[in-house]
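Participant: Please take these sequences and the hints and turn them into a complete structure.
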Amino acid sequence: MAEQKHAHTHEVQFTDGKRYLGATLLNVLISISELVGGLLSGSLALISDSIHNFTDSLSIIVAGIAQKISGNKQNQRNTFGYWRAQIIAAFVNSVFLIIVTMMLIYESIQGFFDPHPIQGTVMLIVAVIGLLANLFTAFLLKPEGDNLNRKAAFLHIVADALSSVGVIFAAVMINLFNWVWVDPVITLLVALYMLKEAWPVLKQATQILMQSNVVLNLDEVRSFVQTYPQVKGCHHFHAWQVDEKRVMLSFHVTLQDMLLSDAELIIRDMQQNLAKKFDVHHVTIQPEVDHADMQMIADYDWNEEQ
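Residue numbers for the sequence shown follow the UniProt record's numbering, beginning at 1 and rising by one.
Certain hints may be false.
EDC-like mimics (lysine to aspartate or glutamate), calculated; alpha carbons at most 20 Å apart, straight line [stated by the list, open to error]: (1) K232 <-> D219; (2) K232 <-> D290; (3) K232 <-> D269; (4) K73 <-> D243; (5) K203 <-> D243; (6) K68 <-> E244; (7) K276 <-> D219; (8) K276 <-> D243; (9) K232 <-> D257; (10) K232 <-> E264; (11) K232 <-> E220; (12) K276 <-> E264; (13) K232 <-> E288; (14) K277 <-> E244; (15) K276 <-> E220; (16) K196 <-> E107; (17) K203 <-> E244; (18) K232 <-> D262; (19) K277 <-> E220.
Note that these hints are calculated values from the structure, not bench results.
Model, not experiment: these values are computed from the prediction.
Facilitator: Encoded structure:
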């Protein structure tokens with residue numbers, strides 16, 4: 001049986017602190033206040049902004065739970081561990097967000113054809129409070145250094161703040177000119193922005209769950225493997241992602257007839273170089289002997305040497 005070798009790279013761990021918890025709780029309070037304000041004022045834009053804030057908070061909570069689960073060790077049933085817990089969470093979050101977005105788009109279109117009175121003053125007060133709370137949350141999550149987790153969360157809150165600015169603009173227009181049509185316009189813009197956020201996440205999560213190869217150019221990998229003078233061929237290439245950071249690669253390589261110890265050195269060197277050059281987390285290589293060489297050995301008359 002052919003021997004299989006494995007190589008690993010190290011992963012980066014991200015942790016959430018008290019600031020994330022505080023920011024999430026504040027965002028939930030913003031969402032509740034805007035939802036109540038939207039229902040009282042009759043503003044769909046305020047309700048859509050509330051949903052936008054709430055889905056961001058929900059995403060952080062679900063992602064945090066999934067991150068904790070993904071840290072569990074591998075076992076006999078889950079040999080890759082629970083790395084994909086975060087991918088499943090991202091998939092569920094994005095599907096939920098897209099469903100909500102479609103509902104908001106439908107309601108905003110209905111608002112153009114069936115406008116209703118809106119209490120602009122209530123809408124304005126709640127939107128201003130929401131904006132101030134968003135700005136404070138952004139301060140809590142101000143990026144420090146190269147922390148990508150913090151930067152991503154900060155950008156989400158900034159987007160929430162801009163959404164609140166749009167609602168404030170709509171409230172001012174309604175108060176000054178009674179332009180109630182501005183409310184569904186802002187709702188539609190917020191919904192389209194939410195759709196823009198959710199679609200790439202859903203696409204990436206689906207690709208990972210389908211074990212699609214979207215990160216490795218297998219032609220380049222094959223060409224690199226063939227630069228080894230001892231390699232006579234390579235085939236059965238498979239590449240997939242376990243999560244957004246870990247790329248797996250496996251293939252068969254046909255080597256010249258040689259000692260197993262020599263083949264071991266070649267395979268190890270190949271694994272290390274592939275992991276480094278193509279940023280692969282886990283490399284599995286199955287070495288094989290050329291069939292022609294095996295046939296020559298089988299046909300050789302060993303009695304002639306006696």
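Participant: Can you list which hints this structure breaks, lowest number first?
Facilitator: Violated: none.
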